[in-house]
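A.B. asks: In case you want the letters, here they are:
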Amino acid sequence: MGESSTEPLRGTIDLLVLKTLTLAPMHGWGISQRIQQLTDGALEVNQGSLYPALQRLERRDWIDSEWRVTESGRRAKYYRLTAVGQRAAGRETASWRRHVLAVEALLAQT
Amino acid sequence: MRIYKWLAMSLREIMHPSDVAAEADEEMRFHLAMEAERKLREGATPERAQRDAAISFGGVLRHKESMQDEQPARYLVRLVRDLRFALRMLRKTPGFSIAAILTLAVGIGGNTAVFSTVSGVLLHPLPYPNADRLVTIAHTTKGGSIPKNLPGSSATYVVYEPAKSFAAMALYETFNLTLTGRDLPERLPVSHVTQNIFAVLGVSPRLGRAFTVDEDQPGAASVVILSDALWRRRFGADRAIVGQSVLLDGRPSTVIGVMPRSFAFPSEDVQLWMPMQVDVHNLEGFHTQSIGRLRPGATPEVAQRELTTLLPRVSTVVDFLSPETLQGAGIRPDVHPYADDVVPISVRRTLWTLWATVALVLMIACVNVASLLAVRAESRRREMSLRSALGAARGHLLAQSVTESTVLVLAGAALGVALAYVAIAMLRRFGADVLPRVGEVRIDGAVLAVTASVAAGAALVFGLAPLLSHRSERGSLVFGLGSREGTADARALRLRHALVLAQVAMAAMLLVVCGLMLRTAQNLTRVDVGFRPDNVLTFRIALPEVSYPTSADVAHFHERVLARIRELPNVVAAGATSDLPLASPAAPGDVLRTDRVAGGPSTLPGAAEMRGATPGYFEAMGIPLHRGRFLRDGDIEPASGSVLVTDAVVRTMLPGREPVGAHVAHGLAGVRDERSMSTVVGVIGDVRGSSLEEAPIGAVYYPMETTPGVNMDWLARRMSYAVRVRSEPMALAPSIQALVHELDSGLPVTEMRTMRSIVDAASSKTRFAMMGLALAAAAGLLLGSIGLYGMLAYATSQRTREIGVRIALGAKPAAMRVSVLRQGLALCVAGLALGLLAAIALRVAIRPLLYEVSATDPLTFVAVAAVLLLVGTVAAWIPASRAAHLDPVLALRSD
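Going down the list, the sequences are from chains A and B. Using our numbering, you'd call the opening residue of the first sequence number 1 and step up by one each time. Using our numbering, you'd call the opening residue of the second sequence number 111 and step up by one each time.
So here's chain B without its partners, still in its complex pose:
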């Protein structure tokens, strides 16, 4: 009841302060009237009665004020009054308010968006229980002909088993498999895992069960666990799926479980998990990823030392890895946090840089708003002096000033957070290819807390800063003369100069970083993709098993289509492949081994992509032949075992050997099995397969479905065609549609596009990553120039009187122009020098992010200097010419 009363009164005082005041007035008036009547009754004259009543009553205002002090919500009331005043002031100068709010919104929004990304991708622990105990078990080598970094292996899995530092260890390896069934065949990344992987990670299936030890034995019946996404998309979230059979690469596999939605191991694109079925009698070298869970208390260093003592035993379980081979390669265990692998170092660096960039933008924004406020504070000196002279408490002026800046910052922050929401929605939608863990990026409490504290700090600083320049005015009744002083107050001048300097320096740094990034992006779009993308039309045809049951049917269909296409006018060459470069997400390379040569280097396996191609494909794509020959029609004959390899395979796996005639084996089939070996008949140039920025990994091209020991059926069922034409490629599209329709009317031709558009799309991924930086650069430049112009224009207007006096005393207008210009440019050059020096100092941090561009790239530095000087000149020129055309009479009269 009492609370209710209190609230009702407070609410009324806040909502209707004028009603409350009027009521108090009326009460006072009534009191006075009654008092006067009483005096009258006592015999006083009416005038005297009035006067005495008034005297005995005392100051009406004071009474009202002391009543206000008894108001329950007096602080709130005062705050509301300040807020109203602040809003009125901001409405009076809409240009200033909008500029300040937008500036802050850009600064705060950018920070919020990037910080939530950093927080989601880098700072949050991985979504596994005790994720800090998960480590990757990898190996390092001394380099040379073998990669510097090697993963684990089934051999080390067995050999490291007794290690006491680990609670459990597991292997995993991801391949693409083709899921067939009622719908069109679909190639999906499948992770082959040892059965204990779920125990290591601490996650169980949401439906069904995990793998058993028996299911992980070689030769056991095939079982599979589905991802939540696949289960929903392909199987309509049917709970009865458990126990049913699906076809993977044409082989039946029983579904035993479905993982929870959040499970994204080893990456978000993996849709299926199958037991690896490690054969202890046929252990492998170093090509399988290995993850372990440390026992509580064990550190990666301790674990690594323990594994080092166990490593030599690998020679006892794998006959082709002799102690000499191990030693010669300088192999050592490398145990590091698994989290480091989930987000690669390049992404970490990019994110930190991006954060540093938006932090710079925020700082520029803050300096900008601070200078705007400082300028406005100058123009309100009179008001403040007057209020101070009339007895406004210093504390209250301060509260008023902070309230005003808080309103600005709050509006800016609200708009900024809204911007950040939009940016993050876009990132989650389009950024999945460029950023790991993007699904975990969100604006959460922690992010908002950081934003709020940044905003609070800004509000306080902005609110207090302008007041500092008022301190000297307190008490001296200078509101008449103060603003007419001949020269600007030296302290305020220094402050303004410092602000301009800081702004230019930060803008310079920002522009250098972003300029270098843009050069990097530019270099990436100029990257040699390894083929000639112009004048090539591509499309895709998938052949369902129902109508094309055998490999021969599939091969026959492709041959017929290609033969018909080659008859079309303007066609130069045509072929088909399992994977068009840059068209599909990065697939992990498959294990590739080469035959041993007597006295040759170690035969450690490497990784290479497994691809299918028909004769004519390389000619159509314009991929150059470096040795030997291309595939030809005869290679399609079964058991020819002819393959092409790329330069990268020769470089890493066949160094110092004649590649043509060498033997290679892909996949899990052993090298010792002669039937599974293929013979290299030619070497072609490297092709950027999955992304523009990564150096191409090796690839082996198989002439479709014919290689013994390698099941190529899944490659052949879903082929992409490449057709090189003499004219505009898309003009050929209708003829091809018609041609395929003629051969099989039920077969859709999909993804009809030019190779050029695929390459452009791939570089747009890079552009997406760079877009943030470009935006930051643009925002920084814009804010910087506005700030620079504002400060210089203001500094000049402060000198109006001085300039007027000088001109009146005979100074030439042109000289005044030079003087103002010189002042502005001097500041600009000093800030620029400071910023460029800082950028040079930071080169170590920037270098890893760049691609074929030096961290002190002269072109970038010169361009940044030119842009900033230009902006500075323009910013100084306008006030300078205004100064030159000053009418001394008006100037002397001006404030």
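Just chain A, same shape as in the assembly:
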């Protein structure tokens, strides 16, 4: 845990990506930037786990991808939440909250 405290917890990356994409479609680099911004740099997503996660989510049909041209004129692969992903994001968020509350409750006891 100690070595990279900005690395998100294992298993939360999917939730972070989904949450980020609920705002607007975004490319891979944008997603990593957005996560960093939104968490004030507390969380930094490693590229090595970001792209596999995107692929995994696309396989599940939670997100969709399409090549578009950015404002700066570059070609980039944009990811967008699907209807299924929309619902999944809600489910995952609720489940995460329950999880956090449970862990909190446990920590408060000791």
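By construction, these hints were calculated from the structure, which means they are not laboratory data. It is possible that part of the hints are untrue.
Said to hold, decoys possible - Below, a list of computed lysine-lysine pairs in the DSS-like style, where the Cα atoms sit at most 30 Å apart:
1. K77(A) with K19(A)
2. K149(B) with K19(A)
3. K274(B) with K19(A)
4. K77(A) with K149(B)
5. K77(A) with K115(B)
6. K252(B) with K274(B)
What you are looking at is a predicted structure, and each value in this text was computed from that prediction instead of being measured.
Chain A is fixed; fit chain B onto it per the hints.
C.D. replies: Frame of chain A; chain B shown alone:
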């Protein structure tokens, strides 16, 4: 929806892996560029920005790999990659690939074809419900003047009736009858059965009905059931045939039903079934086939014990079978599975042998491919070492190797199954005469499953084997030095030697078996057929009842034709017969009984063929007279009752008696009826009637349509002529055509051919059966020699450096040649000895298949040894002379 997405992605990854990779690349590049721009904005120099971006991003390759791991079909993708690589490797060495695939195709194809035959003929249950409960009720005797094996009889049918082990019992007996009508007369095998036969077998007619009990009573109106094939062929599948009348041997018979297509009882050639109409007041001895259905739970042994207690009662129902006669003959019931009779033991043995042979071929093929792969693995040691050193996982190298061999085996198996389909189509087309149940032979799921498991086993072994020799190389970076080692790795060498040894030994065994079979086939073609087939022209004329209504008309026509033929130039003799030897399928012998002589042995009936002949026939065929006289013109006079019998009849039925003057009676008419007896006027030599390999069964020749009590009309209506000439027989054909046309212009002369061609055709049946073995032998020899040559050539090339060193140190080239030759021949001789010893050990299994040849026939053994030594010498000679002419400088530089 999600499945669709998953499939679409997987498909894309498999079909267009490079597109997917390029896309991932572009995505990574975009990420890097954005990251660098950000650093730039934060004030870094362009170089530094690039560098930092790259560092924070990490290894591009690693990211791409972890992306690949998330690919839905990653295993499939890897498999496809391996497959592509395997195909590329196989394309790079087309000679090797074609050799390996063809070798496997021959091995697997032969096995598939023979196994489907074995499965269809031997392993599948007979096509009757609960076929395992069907048993044959036969009898054994102590032998001597009566046959060792006797069938059932109408007497035992009555006497065994109370047996509790049986649910039902039936009799059957097959004769040829002539079907006449609108078309030309046709002789067809007709099975006479007791009415309960269909209940015993558990099969009903597809059209109409089975026989009733009343129809099976003596004197009942004649009824008949048709086979599906006959119904379609002769009656155009007319459903209204039921209730109509057909003429059988000139007597009307009402069609009451048609059997299903699959019904082939007692054999596939039987076309009609009629009720036997057993007369309980006139029961017969032992000459009728009997079949029974056991009650559930009863075994043949129990049934046999029960019948043994019932047998003595036969004497109470048949007056000529006294208890003394029964006891003297040592008759005992013999109950055995009916399936054993359908496929005779000789056919079983032949099939098992054939299977063993093709299994040997397959093993040789596998050893061959294994050695080819081993050789190739050696030449790819560098590649494997390099890949291993570069970090390729051992598991992946293994998967790659297995993939390559699987591709080979799959191609070989596919080709092999295609070959098997062709072979079986040919077998079904041409093999009906040689093999029972041939119609049931097909490549089905079970056969394919066996083929698939053989192929899978081969693929796995081939894939793993070459890898074993790489194990030592793992980790040691020897791809530079490894292949230059002075001598070959001892373990690999031992493996190769073992492969050569096994190959030679198996080839030797195979060749011995096949050589013995070929000698058998050769002996069969040299068999004494009992007549002189050269210079004889034969043809057939059938006389329709419309234009030749009476027996006298028929006889008169034949007499006129023969008289005119004898006037032709170059004709030595001419005659006609109802059955030319070897020209028609085996007909069952008919019941023959002889008159009793006071104090003589038992009068059990035997079987003999019933034939018609005109005077002149025996002279034309060159059949020798052993006693008495031939038939002559006077014998045609009605009521002369003169007949000829063959040696076999005298041997089995008139032992120790003067045959000339003895009386015989054919068919169902009783011996007690004096009018139906014929007098033997001469004894002629045995003639091979239906096949070359079976010892001739006895025959009685009747002088056409004249014998009282025996209706010869059906024999006479369709006669085959034999004309012996001094010159080329076929030259006479046009004159005969013209002559017959002159007498009756509407009469076709058919089947014009020489007797020699008939004999050749008969031996070609044997050849057909032997052809499989000959093919197996040829395939085995070819594969064996290729393998031997390949291994020796390779072993020598492995010694190139060693030989070079020796020559450089002063060894004489000739000595090197001897050394290599000796090494090769030593292996060859050792393998040969092993194979020949194995063949001798197997002689008990081989012996029953042979005809007048010893299982340890020295000629065969010597020939096999010579052939293999020759092949071995050639195989060793080429690499040996290459070794002798080695330039030491080049050799030392070589890999």
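A.B. asks: Give a verdict on every hint.
C.D. replies: We went through each hint and held it up to the structure:
1. Of the pairs offered as hints, the one joining K77(A) and K19(A) holds, with about 18 Å between alpha carbons and a cut-off of 30 Å not exceeded.
2. This hinted pair checks out: K149(B) and K19(A) have alpha carbons roughly 26 Å apart, not beyond 30 Å.
3. The straight-line distance between the Cα atoms of K274(B) and K19(A) is roughly 85 Å, outside the 30 Å bound, and the hint therefore fails.
4. Annotation: proposed proximity of K77(A) to K149(B) holds, straight-line Cα distance about 21 Å (limit 30 Å).
5. As the CA atoms of K77(A) and K115(B) are separated by approximately 18 Å, the hinted pair is consistent with the 30 Å bound.
6. The suggested pairing of K252(B) with K274(B) holds, with an alpha-carbon distance near 27 Å, which does not exceed 30 Å.
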